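Student: Build out the structure end to end from the sequences listed, making use of the hints.
So the protein sequences, as listed, match chains A and B.
Going from the first sequence to this note's numbering is simple: count from 1 and add 23.
Going from the second sequence to this note's numbering is simple: count from 1 and add 670.
To be clear, the hints were calculated from the coordinates, so they are not data collected in a lab.
Just so you know, these numbers come straight off a predicted model, no measurement behind them.
Heads up, some of the hints might be wrong.
Distance windows between CB atoms, simulated [to be verified]:
1. 257/A <-> 991/B: 37 to 43 Å
2. 767/B <-> 174/A: 25 to 31 Å
3. 852/B <-> 254/A: 58 to 64 Å
4. 84/A <-> 803/B: 54 to 60 Å
5. 805/B <-> 84/A: 53 to 59 Å
6. 852/B <-> 174/A: 23 to 29 Å
7. 254/A <-> 711/B: 42 to 48 Å
8. 293/A <-> 869/B: 56 to 62 Å
9. 221/A <-> 991/B: 55 to 61 Å
10. 73/A <-> 781/B: 45 to 51 Å
11. 862/B <-> 254/A: 57 to 63 Å
Using N, Cα and C, we set each Cβ at its ideal position, and we do this for glycine too.
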Amino acid sequence: MENIAGTKARLTWAVNLAALLLVIIWTVPTLGLLVSSFRDKDQIAATGWWRAAFPSTQSDFFRAGPAADQKQEGDLWVIAGNAFEPGQMVSAWGTTSKAPDALKPGEVADLKDGQQLTVAADGSYRLTSPTQFEDGRGMRIFFTSTQPPKFTTDNYVKVIGAEGLGRAFLNTMTVTIPATVIPILIAAFAAYALAWMDFPGRALIVAGIVGLLVVPLQLALIPLLKFHNDIGLGKSYLGIWLAHTGFGLPLAIYLLRSYMTGLPREVIESARVDGATEFHIFRKIILPLSFPALASFAIFQFLWVWNDLLVATVFLGNRPDQLVMTGVLRELLGSKGGDWEILAASAFISIAVPLIVFFSMQKYLVRGLLAGSVKGG
Amino acid sequence: MEQILFGLTTIIVGVFGCAAWFWGSNFLLDAALPPRGPNAGRNITRASMIRPWLFLGPALVALGLYLVYPVFESLWRSLHDATGASWVGLANYRWLFSDPKFQESILNNLVWLLVVPSLSTFFGLIAAQVTDRIRWGNVAKSLIFMPMAISFVGAGVIWKFVYDFRAEGRDQIGLLNAIVQSLGGEPQTWLSIPFWNNFFLMAVLIWIQTGFAMVILSAALRGIPEETVEAAILDGANPWQLFFRIKVPQIWGTIAVVWTTITITVLKVFDIVFVMTNGQWGSQVLANFMYDWMFRGTPDYGRGSAIAIVIMALVTPIMVWNIRNARREMQ
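Tutor: Written out as structure tokens, the structure reads:
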């Protein structure tokens, strides 16, 4: 018995560990970008995000003030100043790029013509010379410094304003909400007809809708863009709403029909016997009872439209003021490929709403997924 | 502000328009064929023949226009030249099959088709089994499922950061290179290593799809009859045998569904490749290849449509399989 119990405990451990490992792999990439979106620009470039909570070291140089800054103190000419931010500490410094960390803070370097340079730990420097300085540009001072961890919301402020993400957020909203509401309405009526009305050709239509579930969107792009141009819609919000409605309908009808078929027959039959019209039954009985299915589809469609790039790229214009957030993000990836502070903050603004929807309505999403996958035999 | 008003107006107009159609058409039908009076019986029969089509009408129009018509239109365009002006027969397809970039795309797509559905399903199965047995299972499920809510473009940014490259010896800020460097390896520009970069792109889709597989498979695992599991335990099956010999065979149907659903997603994969490599360094796939021909430079609608038709042809077997299953279920 003891032996079995031992195996069991070990197995529980293994299972917990495996789960932990999976969770770590599945969350760490997102976490990395989230942490980075709050870090200072220079620190992102200097150290990995996993060291965000520790001081970072950075090697660079700054220039001493130009000759114009010099002051006379007794018989010495002095250029002094501090190019550091508060909290930044020098750990080593140097006067040439060959030996950028030859000297400790506080040490004095002897330069040519009797000039002397010293850099203190807080980054303040003092360059002295027995004769007047003549060079226009200040000399380069190399340093290795440590900076305390710095977190900021500047990145977010910057992308919402300067990179046009605020505008794009509105555009995305404008695309998403009607493109979620309209198909639900159309699909609900169709699903009711397919679930509870008897008419020839019904099975054929259901089969057709199951088939349309998998038709690649790519096929529709050119014919529909042409069609929109022909009827004068062009690239407009109306066009993209219609497109998303068309593309979302198969899933909507399929989901709602499966759900409505499962509603209790007696309720509907007795309403019919009482002389209620089909329209009345639909509005007073079917719609309220189908709320969970409507919610699942609404979440699907919302996530899908919000996250879509292809349909928006094709059916909306590509002027900066017309882009949705995925479009802006894509542009930024192209033009600011290395500016991770901008990319990280932008990415988080664009995924914030879907994540909120996801975590608050996961129950409906899961239910919809379970109903939506065509059951295999 | 203007835009918000515009959006709100459309929602209201759209919703009222739809409601007005359904309500109005029903009202007219009842007025034309009143279910009372001398012909009540005949009227009711006729009205109930027409009514379904009123309910279905808008949906059928939208489906026909936005999904059925494009299939035929694309087929027609794929047999015409770049602007659709003149008939070229199968020339576009002949060009397609001799084009090296197309061969690259279709090969890559095949690798994607082999790797992504199998690994997503595999990880999903493991995740389902593991999270069902621990106390914090629901939290773990939520977190593994989370990437599902993230757009492909957002996921592209997230993973590009993981793959970020700095010259050797410098502090790596990309997680993958940091790990490689700390283990003594040489940092790589992961996304530009021909052929292998495909796998780094696939990782993104696997990361997104595993949660989906997990949710569905977990429901299936919980639906397995207790008796079979208990009987196996009594017969002395160890946990591995229990899982692979008893549980997995009972959920083959669901595994197949998950597999095919992810396969469809893979065939349509576009955004990930589009934003991460744009098909450079040998990582082209069909959907992005099609986009190139349709919307970059001088558009060639003939060739673009031909590629779209190839994607459609690849999807068709799954479509037929789905329809057959659905029909069997309805009977």
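Student: Looking at the structure, which of the earlier hints fail to hold?
Tutor: 2, 9, 10 and 11
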